[in-house]
Amino acid sequence: MNPLIPFFVVIPLAGAFLIMITGRFFKEFDKYLTSMILLFLAIISFYSLFTTRENLSVYKVGGWEPIDKVPIGIYMVMDGFNAIIVCIINLVGFLSALYSISYIKRYTSGNYFYALFCLMIGGMNGVVLSGDLFNIFVFLEISVISSYALVAFGVEKSELEASFKYQVLGGLASFLILFGIGFIYWKTKTLNIADIKEAFNNGYDRTYYLFVQILILSGFGLKAAIIPFHAWLPDAHSSAPSPISAMLSGVFIKAVGIYVILRLFFNMFAVTEGIAILITTLGTLSMVIGVFLAIGQWDFKRLLAYHSISQMGYVILSTGIGMILIARGTKPEVAALAITGGIFHLINHAAFKGLLFLNAGAIEYSTGTRNLKEMGGLARSMPVTSATSFIASMSISGIPPFNGFFSKLIIIIAAIMARFYLLAALAVIVSIITLASFLKFQRYAFYNKSDINTNQQIKEVPFPMVFSMVVLSIICVLLSLLVIPDIRDTVLTPAVNILTDQLKYTTTIIGQ
Amino acid sequence: MIAYIMCFVLFLVGFYGVITRRNLIKIAVSMSIMEISTFLFFALVGYIDGGVAPIVDPADPVKIYVDPLPQALVLTAIVIGLATTAMMMAVIIRLYRKYGTFDIREIKNLRG
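From first to last, the protein sequence lines are chains A and Y.
For what it's worth, this note's numbering labels the leading residue of the first sequence as 1, then goes sequentially.
For what it's worth, this note's numbering labels the leading residue of the second sequence as 1001, then goes sequentially.
Errors might be hidden in some of the hints.
[Said to hold, decoys possible] Derived coverage of chain Y by chain A (criterion: at least 3 residues anywhere in the stretch with Cβ under 8 Å from a Cβ of chain A; other residues may be distant):
| # | region |
| --- | --- |
| 1 | 1018-1030 |
| 2 | 1041-1049 |
| 3 | 1076-1082 |
| 4 | 1093-1100 |
Please keep in mind that the hints were generated in silico from the structure rather than gathered at the bench.
Just so it is clear, CB atoms sit at the ideal spot from N, CA and C, and this is done for glycine as well.
Take these sequences, add in the hints, and give me the full structure.
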């Protein structure tokens, strides 16, 4: 039993209001408060990760105990899978907040920025920890509305346009999700995920729930920017301030998109082969089309945003393969391997994509441009940014010994063992194209020009930004240790078990 | 049944507006129409024919009550909808100040 669950939501929400009130009186207070809040949350999230392991803990909001084993209150659940996601949210959030201390001097009214940042973190923690469908929707809206505001934070032409696009598509996604929740409630008369699963076990109307599954998949797919729904992502992620881009790309699309899709489709709906094939197809499409859209970009934040779509494709593809195998009931160990690869890549992507966006912010901070053609020769004047972005680029392209290599290797091995040879081949090809586009990024940003041409005015960024980038690059290297069996059993295996075991989630929550 | 179909039609009206309108304000209004169709659907989900407001009356134990939970959900969703609409309007006003127009065809800084 983990007593810390409510703190993940309460502390950032309280922090947001505190910043709004005190920010008027104390100028420097808000930035350090945000970093301290997130450092504390990161520490307790790691504590939770290492204590949770195989056992679920449930927190009943308001102390409403179940009557006759029927849950009536709102449940917050911490298990092996969402403990990992909470760790990612709070760690990347902490580093982005620290990075913002220097970066946000470009903008006015920093206290609004930090208040919105805390609200976004609180919303994401709420989505991930919630065990109740409607509660997921409420927290989703908290985090999404604050992210709309943060995308538009620069209030220039392109920021506002991106935010408007994002709001229209995000609003559409919210309505689809709300309709899906309404349809589920109509049949089952409950909103608790575990209780809904229980109701499904007593009678599952396959055609009715197929429609609901499509609604939910398109709603959360829009939030996760899977390929037919991706139009908002490159605009929104490239227009936001860089620490927010790192949060949106590194964490946000996973926490409110991929996480919820995996949780609902593995632990709530009955796993059917049709939906599993649909999810795998969408993942493959994202992976392939995303990388082809990325390679032609010259605005490097846009390039990174398209790569987010492509890398999320890997995660969806490999969990989809796991889902197909579970639906067929064959080769459970290959299914577990595929899901392991997916979750591993999800963690890795948070580290290296967060780092790449922070690098992009550092370059923009020093040179004032985002166009790759206008920069060059930065390797000498910005050594730390150059070194860390090299690590991140090699990680995302899957070069050993960095983390991206191992997760992609696991995904490809799982695809081959499941006899999806075409998907394995596509994964390799996409990885090579990713390498090509990041070599382009490295060459044009950091080398290319001779020393004479380089502007002597360009200096390395201030300490908080350097610190965040260095810590994330160390994490990038250390995460490859997750491939070692003992460490994998501590972190990844509980998450995989909760997803592959159809009944454990429900029976544990209803039983408590 | 007709109420459910009307609710779906309302959703499609909003969706049509979002796709075809060129004016930012009209897009925001269409979003609100879609939102309201969702709320209407939730209210219909909780409705029971011949049911009364769910205030328990001990004198009459056989009374049929409508489901109160969707009503609570709709109230929450309306508050959230207010926030999204306000946010969208704020961005539209800022867009108007920058571009000097509400026409979405004129607002195309971002491409590719």
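Exercise. Broken hints, numbered, in rising order?
Worked result: none
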